[in-house]
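Student: Spelled out, the chains give:
There are 2 protein chains.
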Amino acid sequence: MLFLPGNASMMISIFLTGLCFLFLGPTCCSGSRILVVPVDGSHWINMEVILRELHSRGHIMTVLRSDKSWYIPSNSSIFTSINVTMLEDEAADINYYNKMLLDVMERRRLPTFIRTFYQQYLITYMLAKGHEIMARSVSTMLDDPVFMKKMQDSKFDLILTDPALPIGVVLGSYLKLPMVFNVRWINTGEGHLTIAPSPVSYVPVSGSELHDQMDFLERTKNMLHSIYSFVEQHFFINPAYSDVFQRYFPPGTDLLSLELAADIWLVRTDFVFEFPRPTMPNVVYIGGFQCTKSGPLPVELEAFMQSSGEHGVVVMSLGSLVSALPRETTEAIAAAFAQLPQKVVWRFVGERPSSLGNNTLLVKWLPQKDLLGHPKTRAFVAHGGTNGMYEAIYHGVPVLGLPLLFDQFDNLLRLKERGAARVMEANSLTKEDFLEALKDILETPSYRNNIQRLSQLHHDQPMSPMDTAIFWIEYVIRNKGAAHLQSAGFSLPWYSYFCLDVAVLIMALTGAFVWASVLVCKVICCRSSRRKNVGGGDHTHIVS
Amino acid sequence: MLFLPGNASMMISIFLTGLCFLFLGPTCCSGSRILVVPVDGSHWINMEVILRELHSRGHIMTVLRSDKSWYIPSNSSIFTSINVTMLEDEAADINYYNKMLLDVMERRRLPTFIRTFYQQYLITYMLAKGHEIMARSVSTMLDDPVFMKKMQDSKFDLILTDPALPIGVVLGSYLKLPMVFNVRWINTGEGHLTIAPSPVSYVPVSGSELHDQMDFLERTKNMLHSIYSFVEQHFFINPAYSDVFQRYFPPGTDLLSLELAADIWLVRTDFVFEFPRPTMPNVVYIGGFQCTKSGPLPVELEAFMQSSGEHGVVVMSLGSLVSALPRETTEAIAAAFAQLPQKVVWRFVGERPSSLGNNTLLVKWLPQKDLLGHPKTRAFVAHGGTNGMYEAIYHGVPVLGLPLLFDQFDNLLRLKERGAARVMEANSLTKEDFLEALKDILETPSYRNNIQRLSQLHHDQPMSPMDTAIFWIEYVIRNKGAAHLQSAGFSLPWYSYFCLDVAVLIMALTGAFVWASVLVCKVICCRSSRRKNVGGGDHTHIVS
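Line by line, the protein sequences are chains A and B. Take the first sequence: its position 269, counting from 1, is numbered 1386 in our numbering, and each next residue is one higher. Take the second sequence: its position 367, counting from 1, is numbered 1484 in our numbering, and each next residue is one higher.
The hints are simulated quantities; they were obtained by calculation from the structure and are not laboratory data. Remember, it's a predicted structure, so these values are computed and weren't measured experimentally. Treat the hints with care, since some could be wrong.
Any copy will do: because identical chains look the same in the list, a pair fits if it lies in one copy or spans two.
To be verified - Think about it this way: if two alpha-carbon atoms lie no more than 30 Å apart in a straight line, the pair counts; the simulated DSBU-like pairs of lysine-lysine are:
# : residue 1 : residue 2
1 : Lys1493   : Lys1548
2 : Lys1548   : Lys1185
3 : Lys1493   : Lys1293
4 : Lys1493   : Lys1556
Could you build all of it, start to finish, from the sequences and the hints given here?
Tutor: This is the structure we're talking about:
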C-alpha cells in the first residue's frame, strides 16, 4: 500500500483545485470593471501592489487621481486614470509635511500631557482642513454632469477605495456600487475604532501611545482620547459634508453611515502586529500583503553588504514622505554609526553629515525589502510606518525606531511591547544614547529572537495576505456585495444601540414596583396599626 | 507566449505547495499527542468527524469517555479511550430527554411570556444539575493520583474539547495544555456570548427566539434574557465549581477565566447561518465542517427516490436524541404526507401512524446527507439541530421546521429570517396547517432560491471549514498556543473592563470643577455687589 502522509488528502484536493483553475480559465469575475479611489503618498504604494495583482487576474481598473498627485502616475499599463480635483495648494505641497515634522519634533520637548493634547490639536486641525478640501472635491464631482455620466456609463462592478480620505466612500455610495475598503486609517483613527466595538479599558485609541494592558491612569488617558475622538468626528468632520449629504443623499445620511455600509474592510494589519481586540465578520486581515521575498541587490550594493563580514549591516530609512531631520540629529546619528563595527546603508536626503564614518553608505533610495531580506542585515533603523514595520516582521529584522509623525509612535510601540524593537525620541537624540540603543539591538539576542518569532507567526497563515485580499475583492464582485456580513447594529440610533431606552424602561418599572410595594406595605401597616388601636380602644373600654 | 489565466500564479503557488507537502511528508506537528474531551450525543458526531481527519494526518488521540456513554465507542481504530465517571443515573438515561421533550411541548401551549420563562427555568434547572454532576466528576479525576499521573506522563501537546460540558476545560487548564475548543454552546448560551462583546441591542441572547433586527419591546425582552443569563452564570454555574477551584487552582480562578484562556475557539457556525455580530481574533468559523458531498444511496432507497418522478421527495428526520412525538402529532403529519403528490422518506421510531399513505416510507435510520444531496429531494422536514441545518444549507434544500428542544427554535429562526424555511409549533400542529406549510415550501420558488443562495455563499470560502479546523488545531500545536490572539480585557475586573472606575473619576473631577467654578463666580459676584453697595452708599451719601 502506498503510504500517504497525513496531510496528503488535503493537499491532493488543493492540487486538483489548482489544476482545474489552470485549465478551466479565469474565475467568473475575471474581467470585472473596478473603480479605484486611492489615497496618495505611502497609501498609494499599498494600493498599487493590489492593483498589479488584480490586473494580472484580468480585471479592468479605472483610478481617480488628483491632477496634483505626488505618486500616482497618469499613464500606467495596468489601469486607466481620470484626473479630478482632490488636493489644494498647501495640501499638495510635500514640503508642508516636512515643516509639520519639524513642528511636531519641537513640541515633543513639552511635558507629556501638554504635548499629547497639542499633537492631538494639530491632527484635528489637519483633519478639519483635509475634510473641508475633500467635501469641496466631492461636491465638484457630483455637480459635474459629464463626469457623473461617465461614472454611471462605466457600469463598474465594484469600488475599491482607501477611506483615509472619504472621496471614494461618498462617490461609491452615490453610485450604489459594492464597496471594498483597503484600510488602516479612517476618520479619527484606526479602522477598527469605527467598525468594531472598542472597549476603552483594553483597546488603545490611536495616537494615545498606549498598549492593551493599562493601569488606572492609562485607562483614564485612553478614555479622554476616546472622548476627544468622538468630538472630532461629530464636530470637526461630519459638518464638513453636511451640504453634500443634504443635496445628494437621503435625510439622516452622514459619513459614518456610508462607511459602515462598506461590504468588506481589508485591514492592513493582523494580530501578530496589532493588540488582540474585538473585530467584525466583514473585517479581513491582510497585514503584510505588500511583502515579498527579497530579490538580488545591485552589484555594488551586494559588494558593500558582503564587505561587512561577520558583523553585518545596519539599514536606516525614514520613509517616503519625510526626508529631512534637523542637522544636529543627523550629525549625532552619523557619529554613532561611525563607531560601529557594522557597515551601514542609510537612505539620506540633505547635506552630508560631517561626522560620517567610512562604514556608512548614503543612498537617495534603497531597495528596502531586498536589503531587509539580505542575510547580512542585522538591524533596521526606521521611522515606524506600517509598511516598514511589516517588512521588518516579514524578514525578521529587529528595529530601532525614530518615530516622527502620525501613527509611527503607535506602530513602534507594538513592536517594542513584543520585545522586538527599541524606540527613541528623535528630538532629544544624542550620539551616546543612539549608540547605546543600537548596540543593545545588535548585541542582545532577545530582539532578534522575538522578531523572528513574530515573523514565524506572520508566515503561519492558511493563505498569503495578498491571496486573501484578492479572494475577498472577487467575493464581493461574485456575490454583488456581502450584506450578510454587515451588522444590524449600525442602523440603530445611538440610544437604542446602547439600550439606554430599554434601561430607562426597566429602571422605571423597577422603581414603580418598589414604590408600589412600599405603598402597599404602608397601607397594610397603617390599617393593622389602626385596627390595633381600635381593638386597644375596645379592650380599654371593656376593661374600663 | 503561453497565455495564463488571471488566477494562474496563485494556483501555481498553491499547486507547488501541495506538491511540497506530498513529497516532503507530514508537517512538523504530525504525530502530536492530543487529549480529547468530547460531549456525548449529537456533539460527539461533530467531534468524531474532526478526529477522523486528525487521525488521517498522523496524530495520536486519547479520548475521555463516560463509562455510561451513549455514542462514544470504547474501542476505536482512530483513538484510545479512557473511561471516567462523567454522567450519573438520570443524566445518562436517554429517555430522560424524551420525557423532557413532552414536558416542553406541553408548556409551549402556555402564553408566550410565561412559557419563555418556564422554559428558561427548565434549562437553568438542567444546567445547575449538570454542572453539579460535572464538578463532582472533575473532582474525582483530580483526586485520583493514578489517573492524574497517567495524564501528566502522556505529555499531551494539546487538549481538544467541547466546552458545552466543562470537564475538559478544567482538566486541560490544570494540566496547563494548549487548548482548542470545538464549540457552539458554553455556560449559559452560544459561545460568542462568552468570548465576544455582545451588544444586547442587536445580538439576540440564546433561547430568546429573537433576530438581530429588534423593536423596542424585543430589545427589552433580550435585555431580560441577558440579565437572566448573567444570574444563571454567577449564581447557578460558578458556585458548583467553587470547591474544585479552591483546592486545585490559584485564588480568583473561576470557570469563565479558564474558558477565556482557551487558545482557539473553533465555532460550529458561520455568518451564512448566524446573524452578523462582533467576534474575536481567536474565534475561527467552521460551520458546516461535517458536511460532505452526497454518496450513492442503498439500491432500494434509490429506487424509491426515482419512483417519485418529477414531483420528487420530502425527507423528514427529527434528529438523534429525541425520537418520540405525541401520537396525535404523528397522525396529523402522516395524514398530510398522504395528500402530497411527492414521495416521503420519514425517519420514524414508534407506533406506525394509522393515517400513513402509500407514498410514505418509514425508516429507523436514514443516510441524511446522501438523501439531502439527492437531486430528487425537494424539502426537508427537520427539528432544527445545527448539524441538520448545515446539511440543508450545504445541499440547498428548503426546510419545514418543527423545533422541539434547546437551540432548535433559534436555529430555525435563522433560516426563516433568510426566507429559506418555515417554522411550525409541533404541539399545536394540525393536518391542515402542516399540509399548507409543506405545500408552500414545495411550491413557492423563493424558499429554494433563498437556500440555494445561502448554499452558494457557504461554499464560497477560501478554504473548506474542515481544512480550516485542522489548520488551526495544528497551528496551536506548532506554536505551543496562541496567546497573541487573546484579549487583554479578560484579565480585568468587571468594573475596570467597563471603565466604571475611570467614569467615576472623570465625573468627580468634572463635578469638582463645576462646583469650584460656581464657588469662584459666587465669590466674585458677592464681592462686586458688596463693592457696588459700598459705592452706592457713597454715592447716596454724596447725593444726599
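Student: The structure should be examined with respect to each hint, and the outcome stated for every one.
Tutor: These are the hints, each one checked on the structure:
1. For a Cα distance limit of 30 Å, the shortest separation of Lys1493 from Lys1548 inside one copy, 24 Å, qualifies, whereas the shortest one across copies, 80 Å, does not.
2. Taking the shortest alpha-carbon separations for Lys1548 and Lys1185, neither the intra-copy value of 40 Å nor the inter-copy value of 73 Å comes in at or below 30 Å.
3. In the homo-oligomer, the alpha carbons of Lys1493 and Lys1293 never lie at most 30 Å apart, since the shortest distance is 51 Å inside one protomer and 39 Å across protomers.
4. For the identical chains of this complex, Lys1493 and Lys1556 are intra-copy neighbours only, at 16 Å inside a copy versus 73 Å across copies, given an alpha-carbon limit of 30 Å.
Hint compliance for this structure: hints 2, 3 are broken, all remaining hints hold.
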